[in-house]
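Quick note, the sequences are listed as chains L and A, same order.
Those letters in the first sequence? Residues 1 to 624, per the working numbering, in order.
Those letters in the second sequence? Residues 1 to 355, per the working numbering, in order.
Hint data in this document are derived by calculation from the structure and do not stem from the laboratory.
There could be a bad hint or two in this list.
[As the list claims (entries may be wrong)] Within a straight-line C-alpha distance of at most 16 Å, the following computed EDC-like cross-link-like pairs (lysine to aspartate or glutamate) qualify: (1) LYS322/A to ASP58/L; (2) LYS310/A to GLU346/A; (3) LYS340/L to GLU346/A.
[As the list claims (entries may be wrong)] To give an idea of the chain A side of the interface with chain L (calculated C-beta under 10 Å), a few residues: (4) SER30; (5) PHE43; (6) SER50; (7) LEU104; (8) LEU135; (9) ILE136; (10) PRO185; (11) ALA222; (12) GLY226; (13) GLU267.
Just so we're clear, the structure is a prediction, and the values are computed from it rather than from any experiment.
Positions of the beta carbon are idealized from the N, C-alpha and C atoms, including for glycine.
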Amino acid sequence: MSSVAQKKGFGATLWDWLTTVDHKKIGILYFLGGGFFFVIGGIEAMLIRWQLHKPNNDFVSAGLYNDLITMHGTTMIFLAAMPILFGFMNAIVPLQIGARDVAFPFLNSLGFWMFFMGGLFLNISWIYGEVPDAGWTSYASLSLASQGHGIDFYAIGLQIAGGGTLMAGINFLVTIINMRAPGMTYMRMPLFTWTTFIASAMILFAFPPLTIGLFLLTFDRMFGGNFFNHEMGGNTIIWEHIFWIFGHPEVYILILPAFGIFSEIFSIFSRKRLFGYPSMVFATVLIGFLGFMVWAHHMFTVGLGPTANAIFAVATMAIAVPTGVKIFNWLLTIWGGSIKVTTPMLYALGFIPSFVMGGVTGVMQGAAPLDYQLHDSYFIVAHFHYVIVGGVVLAILAGTHLYWPKMFGTMLNETLGKIEFWFFFIGFHMTFLIQHWLGFWGMPRRVWKFMPEQGWDFANLISTIGAFLMAVGVIVLVVNVIITSVKNVRVGNDPWGDGRTLEWAIESPPIYYNFSATPLVRGLDSVWIEKMEGNASGFTPAEPVKDIHMPNGSIIPFLMTLGMFIAGFGAMFRTETEWGLGLLIFGLAFTFVSMAARSLQDDTGYYIKKEEILRDLKRKGGQK
Amino acid sequence: MMKGLKKWRLFSLLAVLTVFLAGCGQEELSTLLPAGQVGRDQFNLLLLSSGIMLLVIIVVVVIYLFALVRFRRSKLGEDFIPEQVEGSHKLELVWTIIPILLILLLAVPTVYYTYKLGDVSAMGAVDDDGNPENLIVDVTAKLYWWEFEYPDLGIVTAQELVVPMDEKVYFNLIAADVKHSFWIPAVGGKLDTNVENVNKFYLVFEKDSKDLKDGVFYGKCAELCGPSHALMDFKVKTLPRGEFDQWVTSMQATGDSQIVANDQGEEVFNQSCIGCHAVSAVGESNEKQGPNLATFGDRNRVAGFMDHDKETLIDWIKDTQKYKPGNKMPGFGSQLSNQELDALAEYLMGLSVEK
């Protein structure tokens, strides 16, 4: 194999992407998959807002509306936000720690395909015509009562996708623990790596409860289990506990990598090291820990009693402390720096006030008796969109602009980027700020329509207009991507000029073995240190150039997932068709045979010869 | 000095907030215009927490804008390399301790109110004669309507809750099918109606609903419960204690003979509706599948959200699924003639205890 680009046919290219185990390519796959679902979730959001733009609207039916809200929430959390963040992690984290690959390249590929097939399975419900309709939380009494196969699509689709997420989490944990370059101690890891690390640890603990919950739900619905059926001694509150023991950490799994991306951006575009790095790390770890301790604040109105409510109320408020530490550290990072307002920086700057507003309303809900009024009202809708859009989505958009050149070797247009930002940012605040008041004025969330003369008409109209402005912002981004991809102006190692961490020391996009020789890390912001000491390449090798071991590509992850995908349909149709059981067995057997093939095959990978690496280096003009 | 200044700031902020927040929303529905002790306690907590939180936002935004204006590269020059500051233990300590203090300020009243509003120990209390001291209402949430039973008074009603003013009213909440959540925004926060257990809480109603726009407070279902979740509204009427006792007496009398506005309508009702609906308020909850219609003529809405007039009622009976998809009542458009529907509507509208 050679690094020199060769023209390949469509079939060969497709085969290449189906079998790839290269973390950079898998990063791009996550990015494409997540982007695809992000657009679907966005269209669902627009339909929701259009339905609510005036009172008593009949644009969508009551049932379809519940389908839309359920799929919008599920898609955005599981199939858009998390995968896109995984895309960044895959593309950037191994580079940041000076690694050649992730710890388990095969598992990495399997994780992606499980996410993608699970997401596909979930969305096929639209084509089939029976769509999940019990909200993204699928509370058990309603999800058990739901007719048709909608909730089955939810339970099985998320089970497959969730398995992929768990694998990705384990993979990053091992990668970050084991594969850091010499000299990169824990306290020299860039913050995006740190947040990825903590988020992965949270995945490790948060996803098993989801798996169990979905498993029980599947058994209740398809095999006559009675875990949640209260008439048979089951308990629906258990579902709520299980769901939120997963669900609350989940939002931190999303927001921590977002914090990481913003930390990088503040540091790069202020030309300054992160203020209070140790306290940032500590705050990240603490948030990760507390994330598991507060799930019951989603359940203040369930009737857990005053003692439980009081304990969880105070625990919830405590999260504000480490989060506050982070906010002030970011402020002090830009304070005294040299701020350059690029598109990523614009997003980061927009993030601070937006996220602070979302954070403080979280504390307000933490005050349990106040939550009795706010819970399940539009105030909640406003709050979590302020956190998830104002935090996670802004980070995704910022990261897209920041890492685009590193991932694709070409730069997104800055002017279009800024136009996109303003549309999105103004639209975002227009959509969600007013919703706090809608909640105060008594509007419950998840309402399909509302009657006039309750004082909600105008606020809902404003909210809808805002949502469409956000959509315009996203369309501008798509246009930007198309234009710049067509032009394809190549960029150098460090297109922003102020890169501080290892990924900016190698070419954009990186060569498939990342580093010609493992770098030596001599402190936090390794590249910055090298540059300040006059080493323009930003990179000191820790060892001479030598042969590199690389893993072989494999189609098996795709085939294994295909088997699960097929088995999913089998499980769903098992009771009502003759072929259902057969299909279930066939699908599972297909997966097991693929697994056996993987186990029995002696795949030891291959070596890139030293001579080839030296030839590449020479072609690039050598390395200091 | 510093502390005094902080307190003064917080106080003025609260004053501004009160003006700002209280001016909005509709009296029969808004949490910002609380109509009873529970809602007011929660509103106070809202003022306190928004005050603290607004303070935090202001501090952050001020520092942020300062930094943004002062430290732009365009001002400092392209080659300027800032000092690579590691951090500052003092500063970091400051922004750890101040938030802790702010949170304590909020946590203490939070815990206090949590216990205060969760206290239902007086629920079973009886006086010397063995009569219950407090009014208890059993609420059963169903797809998509509400049943209110007064167990100590032997009466039951639906869709319109009638309560006495200025005393604690205790509620037992449960759901009959899927989970719902019982919420009267203007009066106080919500509590879920679970399927497997009874939840208890109390509310206090201090404003006379007569003075409101529609003469009722609006109640909502706050938990997604299926297609017509959005339409699962109910209404609340508050009466001074004396009038409430009168209302109870006349409700108890509906068990005997009623004045019937339309005899033919009664006949239609007895043929088509009586299987699911009662017209006597005497009884218990869950006796009939559908809502109790004893006081239908006094109600504020048809099906909880539609205009309360004869034409709307006829439309509703004809095709219930069109207006409230997924509800359990079949449409009678094909079974009843227009003339029968008319008589039935007239009969139902005549079911009244408030004259």
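Hints, verified against the model:
Restraint check for LYS322/A and ASP58/L: the C-alpha separation of about 11 Å stays at or below 16 Å, so the hint holds. Between LYS310/A and GLU346/A the alpha-carbon distance is near 7 Å, which keeps this suggested pair within the 16 Å criterion. A C-alpha spacing of about 74 Å is found between LYS340/L and GLU346/A, which places the hinted pair above 16 Å, so the restraint is violated. Checking SER30/A against chain L by beta carbon gives a least distance of about 5 Å; that is within 10 Å, so the hint holds.
Checking PHE43/A against chain L by beta carbon gives a least distance of about 8 Å; that is within 10 Å, so the hint holds. Look at SER50/A: its Cβ gets to within about 7 Å of chain L, closer than 10 Å, so that hint holds up. Here the hint on LEU104/A is kept, as its CB sits about 9 Å from the closest CB of chain L, short of 10 Å. Taken as an interface hint, LEU135/A does not check out: its beta carbon lies about 20 Å from the nearest beta carbon of chain L, beyond 10 Å.
A cut of 10 Å between beta carbons decides the hint on ILE136/A: the least distance to chain L is about 16 Å, and the hint is violated. Below 10 Å, beta-carbon pairs count as interface contacts, and PRO185/A has one with chain L at about 4 Å; its hint therefore holds. Against a cut-off of 10 Å between C-beta atoms, the interface hint on ALA222/A holds, since the closest Cβ of chain L lies about 4 Å away. A hinted interface residue such as GLY226/A counts as satisfied when its beta carbon comes closer than 10 Å to some beta carbon of chain L; here the least separation is about 7 Å, so the hint holds.
Taking 10 Å as the C-beta contact cut-off toward chain L, the hint placing GLU267/A at the interface is violated, the least distance being around 34 Å.
Going through the hint list in order, the structure does not satisfy hints 3, 8, 9 and 13.
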